[in-house]
Amino acid sequence: MHTPTLFDSVFLGGFECSTHRRHDGRRLDLIAATGHDRLAAEDYRRMAAHGLRSVRDGVRWHLIETTPGHYDWSSLLPMVRAAREAGVQVIWDLCHYGWPDDIDIWRPAFVERFARFAGAAAALLRDEGVEAPAYCPVNEISYWAWAGGDMKRFNPMAERRGAELKHQLVRASIAAIDAIRAADPRARIVQVDPVINVLPRPDRKGDAGAAEEARLAQYEAWDMIGGHAWPGLGGKPEYLDVIGVNYYSDNQWFLKGGTIGRDDPRYRPFADILAEVHRRYGRPVLVAETGAEGDARVPWLDYVTGEVIAALKADVPVEGVCLYPILDYPGWANDRHCETGLYGLCDEKGGRCLHQPLAAALERGQARIGALLGQPQFQAAQ
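When the letters of the sequence shown are read in order and numbered with the UniProt record's numbering, they come out as residues 1 to 382.
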């Protein structure tokens, strides 16, 4: 049975850090919108108090490099230092859908600029004394290529250019890894993308081939980064370090419409998906995002915890489970209050409200995994 060792806690908290421009041109900044920029120190202490000693968080490139080649780290340094003081390890997203306005993402200069930025960020964290550096260079390459390259849902607002955007983001990720490792060879790299399951509708058996093709598309970006596909992009196996999988309740569906629910006998257990990812790449796996909204939060976490336990018992190297987003946040499209978090949005005085049922479910999950592994450090904080 596998025992997680890569991160300081098996359960992590993930701070929503998207910085993309919507179809209407408005730039989002979810770190600011949730008050996490102002309350980082308090937020990290809250995480540590719940036994979440590792987190995912974001480096906001558009704020740091407003002038080409000049870096203003004032938006990042307080967060880096607050995490260190709270004893919280951070996996830093370097490009979570957003980039500085003066860059054309389709041009080679995007790759070059991003690599220099990634190297500069890694050098900064090294010089700040970060002991266990970890980075996600480009978040969700596959989803971004679909949403921004095919569907015009957010930047770069393109249609029928998803494959082209995927190739560009893969190049950027590879170049960033080289720059990060040159600055700090200790760095761990987490390549994050959604995992899915796609089946033909029961009345459309002829769609079986197309459904399987759609399902296997989830692996394209990882295959490219690892040099297994499109080797001209520069991929190599060593660029795949930790595979970060994002998984939500709507990640299984029928081709041409309809979510496959957990009560459907055709629903594929999450543990099986985790095992397939590990078999394909032979790398440790992190559940990099998972969560639900409203009253679904508790049963979903209970389900995911059980599936991770099943995977660990099968010796699948699952290194952690990241609750994401760990704070309630305003919806991308309409600013509605999305109740997903362990904590709610801050009040006027900077306070946050704890969602007690999710806190109890987290403690229950920590106790289950801690007991399974015989590792008290993985159990709930006392």
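These are calculated hints, taken from the structure and not from any lab test.
Incorrect hints may appear among the rest.
To be verified - Using 25 Å as the maximum straight-line C-alpha spacing, the simulated SDA-like pairs for lysine to any residue come out as follows:
| id | residue 1 | residue 2 |
| --- | --- | --- |
| 1 | K236 | K152 |
| 2 | K152 | I105 |
| 3 | K313 | D8 |
| 4 | K256 | K313 |
| 5 | K313 | K236 |
| 6 | K152 | G129 |
| 7 | K313 | R368 |
Unchecked claim - What follows is a list of derived Cβ distance ranges for each label pair:
| id | residue 1 | residue 2 | range |
| --- | --- | --- | --- |
| 8 | R262 | R81 | 40 to 48 Å |
| 9 | A41 | P265 | 46 to 54 Å |
| 10 | A41 | T3 | 44 to 52 Å |
Here a beta-carbon is modelled for each residue, glycine too, at the ideal position from N, C-alpha and C.
To see whether the hints hold, each was checked on the structure:
Taken as a hint, the K236 and K152 pair is broken in the structure, with Cα atoms around 31 Å apart against an allowance of 25 Å. Simply put, K152 and I105 have alpha-carbon atoms about 15 Å apart, close enough for the 25 Å limit, and the pair holds. As the CA atoms of K313 and D8 are separated by approximately 20 Å, the hinted pair is consistent with the 25 Å bound. Between K256 and K313, the direct Cα distance comes to roughly 35 Å. Violation of the 25 Å bound is thereby established for this hinted pair.
Restraint check for K313 and K236: the C-alpha separation of about 30 Å exceeds 25 Å, so the hint is violated. Straight-line distance between C-alpha atoms of K152 and G129 comes to about 41 Å, which puts the hinted pair past the 25 Å bound. Note on K313 and R368: the hinted pairing holds, with a Cα-Cα distance of about 13 Å set against a maximum of 25 Å. For the pair R262 and R81, the beta carbons lie near 42 Å from each other, so the given range of 40 to 48 Å is met.
Taking 46 to 54 Å as the suggested C-beta distance range, the pair A41 and P265 conforms, at roughly 48 Å. Between A41 and T3 the beta carbons are some 31 Å apart, a value that contradicts the proposed interval 44 to 52 Å.
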